[in-house]
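*Asks:* Protein sequence lines correspond, in order, to chains A and B. Residue 432 in numbering that gives the first Met the number 0 sits at position 433 of the first sequence, and the numbers go up by one each step. Residue 161 in numbering that gives the first Met the number 0 sits at position 162 of the second sequence, and the numbers go up by one each step.
Just so you know, the hints here were simulated from the structure itself, not pulled from any lab data. Keep in mind that the hints are not guaranteed to be accurate.
[Unchecked claim] If you anchor each label on the Cβ, the simulated ranges turn out as follows:
(1) B:160 with A:430: 44 to 52 Å
(2) A:430 with B:321: 38 to 46 Å
(3) B:34 with A:428: 22 to 30 Å
(4) A:130 with B:313: 43 to 51 Å
(5) A:470 with B:127: 38 to 46 Å
(6) A:431 with B:311: 48 to 56 Å
(7) B:116 with A:431: 40 to 48 Å
(8) A:428 with B:314: 54 to 62 Å
(9) B:291 with A:50: 41 to 49 Å
On a predicted model such as this, the values are computed, not experimentally measured, just so you know. Just so you know, even glycine gets a beta-carbon here, dropped at the ideal spot from N, CA and C.
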Amino acid sequence: MSTAPGVNDFALKLANVNGTGSASANGLLMQSIFRMGVPVSGKNLFPSNIQGLPTWYEIRVNGAGHTARSLEYHLMVAMNAQTYAQDVASVASGGYVLYDSSWPLDDDLIREDVNYLGVPLAAMCREHFTKNRERILMKNVAYAGALVALLDIDLDIVSTLLAETFAKNEALRESNQRALRLGYDVARENFPCPLPFRVEARGENQDSILVDGNTAIALGCLYAGATVVGWYPITPATAVMDNFIALCKRYRRVEVAPGEWENNYCVIQAEDEIAAIGMVLGASWAGARAFTSTAGPGISLMNELLGLAYYTEIPAVVVDVQRVGPSTGMPTRTQQGDLLACAYASHGDTRHIIVIPADPHEAFEFAVAAFDLAERFQTPVFVLSDLDIGMNDWIVPSLTWDDSFVPNRGRVLHDEDLANMREFFRYAHEDDDHVTARTLPGSDEKGAYFIRGSGHDRFGRYTEESGAYLQVVDRLRAKHASAAHHVPAPLEVRRPGSRVGLVTMGSCDRAVREAIELLAEQGVDCDYLRVRAFPFADSIRDFVDSHESCFVIEQNRDAQLKSLLTVELSLTPASMTSILDYGGFPLSASTVVEAVLAHQEVH
Amino acid sequence: MPSIAKPRIPLAPLAHNDLGLTIRDYEGAMSTLCAGCGHDSVTAAISLAFFELSIRPRDIAKLSGIGCSSKTPTYFINGAHGFNSAHGRMAAIATGAIAAQRGLHYIGVSGDGDSLSIGLGHLSHAIRRNVDMTYIIENNGVYGLTKGQVSPSADVGSRPKKGDPNVVPPIDPMELGLALGATFLARGFSGDKDQLVPLIKAAVAHRGFALLDVISPCVSFNDHEGSTKSYRFFREHEVHEIETDFVPQRAEIRSKISSDSARAVTMHDGSVMYFRALPEGYNPTDRVSVEAYLAERKAMGEVPTGLLFLREGAPDLHDMSGTVSRPLADLDLADLCPGNDALQRLQESFR
Ligand SMILES: Cc1ncc(C[n+]2csc(CCOP(=O)(O)OP(=O)(O)O)c2C)c(N)n1
Ligand code: SF4
Ligand SMILES: [Mg+2]
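Assemble the whole structure, with the sequences as input and the hints as a guide.
*Replies:* Here it is in structure tokens:
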């Protein structure tokens with residue numbers, strides 16, 4: 000499926016050693032292309048390590064807006080001798096390899112069908128910089144400079160970005176600019192610049208931002224009014240809290256007396272994830288909006304208390320930035336392997352609400368929605384993100400906030416309400432969504448009750464009687480089903496006459512949409528449905544039923560979405576075919592296209 | 000409320016506290032624990048302490064984990080909100096609640112299993128954070144609710160009802176607390192209400208984490224010959240040298256305190272803790288001195304009770320977090336949401 004690269008249509012891969020400062024140079028290139036108004040994506044494929052292991056960064060430039068991961072690299076920046084062989088091997092035929100020619104390349108790294116661009120980066124930096132650390136760091140900026148020339152990236156934009164980044168550090172600003180220029184000039188002198196594929200400025204991206212999902216979720220939590228947080232560090236979720244804390248320092252400090260500041264938030268770094276979710280439950284029980292963020296291992300630890308929250312009906316927001324499992328798995332690789340673990344987290348019959356964003360924009364909106372859902376339905380709500388969304392920068396439409404937004408705090412009785420009641424019973428008098436009213440600690444004695452995870456009846460009293468127990472758990476089941484009408488609806492895009500349906504979720508979105516266009520070019524028209532929440536809407540069943548063949552595309556080994564759809568919507572397993580991609584990297588369109596075509600051929 | 004039913008019409012008129020409430024307003028549901036269980040006496044002491052402190056039930060929140068001991072919050076102060084959580088997790092849940100709603104008096108009740116095995120991590124960190132609450136361990140040396148297995152507080156050589164004597168060294172919550180920088184450490188005995196009630200009151204008055212280790216015998220599984228947590232053994236080995244009086248901030252009572260040599264520690268709310276009798280060389284505000292005393296007594300096979308250590312004025316969770324004085328749970332979105340203009344400005348840095 001190889002296509003010739005062209006103007007605003009190519010991909011490059013940068014192979015680096017982690018801990019050498021390449022990330023900022025790579026980000027600089029990606030952000031400059033964004034500022035040139037051209038659709039672009041950057042995917043960081045990094046190891047679970049602090050220093051010395053191979054790390055890659057992929058930049059895809061695509062004027063048509065296809066920014067899923069591409070598996071075809073037209074230019075390789077080979078900066079890591081450990082991985083030279085595999086990096087050179089992965090360049091598309093006719094492509095280019097930019098390498099550090101301070102040392103000669105081994106003969107067995109020479110391919111006849113690719114072009115070599117040797118830049119003596121180490122030698123140049125040794126000559127122009129004196130400090131050891133600087134000599135290493137500036138190699139990155141120098142290759143960025145060469146790429147700016149080769150790909151016709153706007154040098155002014157890159158310089159401006161550097162100036163902004165190092166606004167507060169004159170020395171660094173100067174050395175970075177110098178290194179940039181060095182690489183730029185060497186490339187201009189020695190290579191035919193620009194290459195046949197290059198970047199051409201466009202007017203797009205004005206209404207867009209470049210943001211990662213962890214930042215967006217932190218913003219959502221800030222805007223939703225979250226005040227209490229319990230958390231425990233874990234990749235790839237840590238940055239949610241780093242960002243939340245930074246945002247709180249900026250927006251949640253109040254000056255109570257001249258020069259005396261206090262915080263409208265309380266973030267507690269817990270002793271483990273059990274404590275983190277425990278703190279969230281305590282705070283939510285006490286009436287605050289509280290959340291935690293974690294990854295799969297944390298979800299495993301939280302299970303018991305998630306069941307407590309479900310059964311006693313305490314709101315909680317849990318952000319799960321998924322990584323590769325099971326166990327420690329591959330902490331810096333992406334996967335969608337926690338769907339089932341979240342849907343039914345905890346022992347006994349439990350079922351939870353899950354919202355599944357596709358990108359940072361939705362992550363912001365769904366984070367806000369999660370707090371409303373949690374309080375409306377008095378239950379845990381998962382925001383199921385993943386490493387690709389969370390840790391990579393995405394171009395998404397700018398975020399907006401409706402200043403007239405009124406949060407849905409759910410059914411809470413205050414003193415005034417209690418005054419008009421003869422008696423209060425925690426789990427009686429359900430509304431149309433099977434939700435009962437709660438009271439908060441500190442409210443009138445009439446509203447006091449004793450929350451218990453042990454068997455309780457609709458009055459909140461301890462029970463071991465079947466009938467009384469069933470009343471409560473059957474209502475919980477109905478309540479969860481009701482939530483299907485309040486969670487984000489599935490997103491459908493139909494093409495007239497399609498007989499094939501593609502169902503997916505989360506960060507697979509862009510790859511699957513691109514695949515649909517590629518498949519259409521091959522004469523296979525497909526409709527699209529993206530699941531955005533659990534419990535599922537009935538329209539998903541209709542979608543599956545109305546297509547001759549339906550593919551469910553997801554990033555886990557065991558077809559968790561397909562299984563959940565089958566069980567929860569009473570679909571026949573044969574009505575859907577799985578396309579599974581779970582090796583730890585973001586999905587690419589070609590994987591989907593090949594799988595769909597292969598299946599069509601067989602049938 | 001203890002398990003023996005009370006007459007509906009009181010025989011003698013009930014006393015009223017400053018709020019005009021009687022002890023009945025501080026009682027809860029009928030206990031379902033075994034007759035004679037130490038925990039019921041602790042329940043009664045808690046009711047009495049809050050009654051005498053004249054704290055409105057609605058201003059109290061009670062939490063627990065899982066175990067016979069953790070069942071007890073339902074047996075006191077009906078009008079207070081309660082949270083019977085999961086085994087070992089109460090300290091974490093209380094921490095979150097206190098972070099959110101700082102306007103209440105929090106009392107947590109736990110067992111030696113709940114606190115010293117499965118919940119040891121959370122207890123330790125609640126101590127470190129100096130979470131403002133009263134935390135009672137009803138310590139019986141066994142897992143009562145699961146029928147008598149040895150717990151981490153069981154002494155070496157202590158013989159369970161079934162099985163071999165314990166050979167694993169115990170965790171003493173008081174030593175643990177000292178090591179972790181606790182600010183209030185007291186040990187009481189369920190069988191000594193006169194000592195226990197003032198200890199609970201002082202714990203409630205303390206600002207910060209008040210850890211109360213209450214020896215509370217399990218009559219069903221650990222009250223036999225050979226147990227070191229039985230009523231008999233404890234009465235024989237308790238040393239009650241540290242004598243304190245809790246004096247609420249109201250002045251009229253203060254005159255009753257006679258001892259000139261008394262050391263006084265003023266609590267956060269203005270009440271005063273008087274140390275009436277102290278062993279030679281013992282300073283309850285000095286950690287090193289307390290550690291030495293406890294070690295010495297332990298070597299003699301004795302268990303000291305009383306208010307063992309007190310450090311008033313240390314920063315609590317809220318001080319350390321710099322939170323506003325208004326409870327976070329009471330803030331509205333208007334106080335918390337930066338609004339669209341700020342969002343648009345912020346996004347300038349995302350371009
Ligand atoms: C996760 C979990 N594991 C085990 C249990 C079973 N369990 C219930 S209470 C208890 C021990 C209680 O001992 P303690 O805290 O000393 O309370 P006591 O009954 O002695 O007052 C155990 C192990 C449980 N409820 N939850
Ligand atoms: S088993 Fe022991 S701890 Fe439990 S109620 Fe009976 S006496 Fe008390
Ligand atoms: Mg016990």
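*Asks:* Now tell me if each hint is right for this structure.
*Replies:* Hints, one by one, checked against the model:
| no. | hint | result |
| --- | --- | --- |
| 1 | B:160 with A:430: 44 to 52 Å | holds, 51 Å |
| 2 | A:430 with B:321: 38 to 46 Å | holds, 39 Å |
| 3 | B:34 with A:428: 22 to 30 Å | violated, 38 Å |
| 4 | A:130 with B:313: 43 to 51 Å | holds, 46 Å |
| 5 | A:470 with B:127: 38 to 46 Å | holds, 42 Å |
| 6 | A:431 with B:311: 48 to 56 Å | holds, 52 Å |
| 7 | B:116 with A:431: 40 to 48 Å | holds, 45 Å |
| 8 | A:428 with B:314: 54 to 62 Å | violated, 44 Å |
| 9 | B:291 with A:50: 41 to 49 Å | holds, 47 Å |
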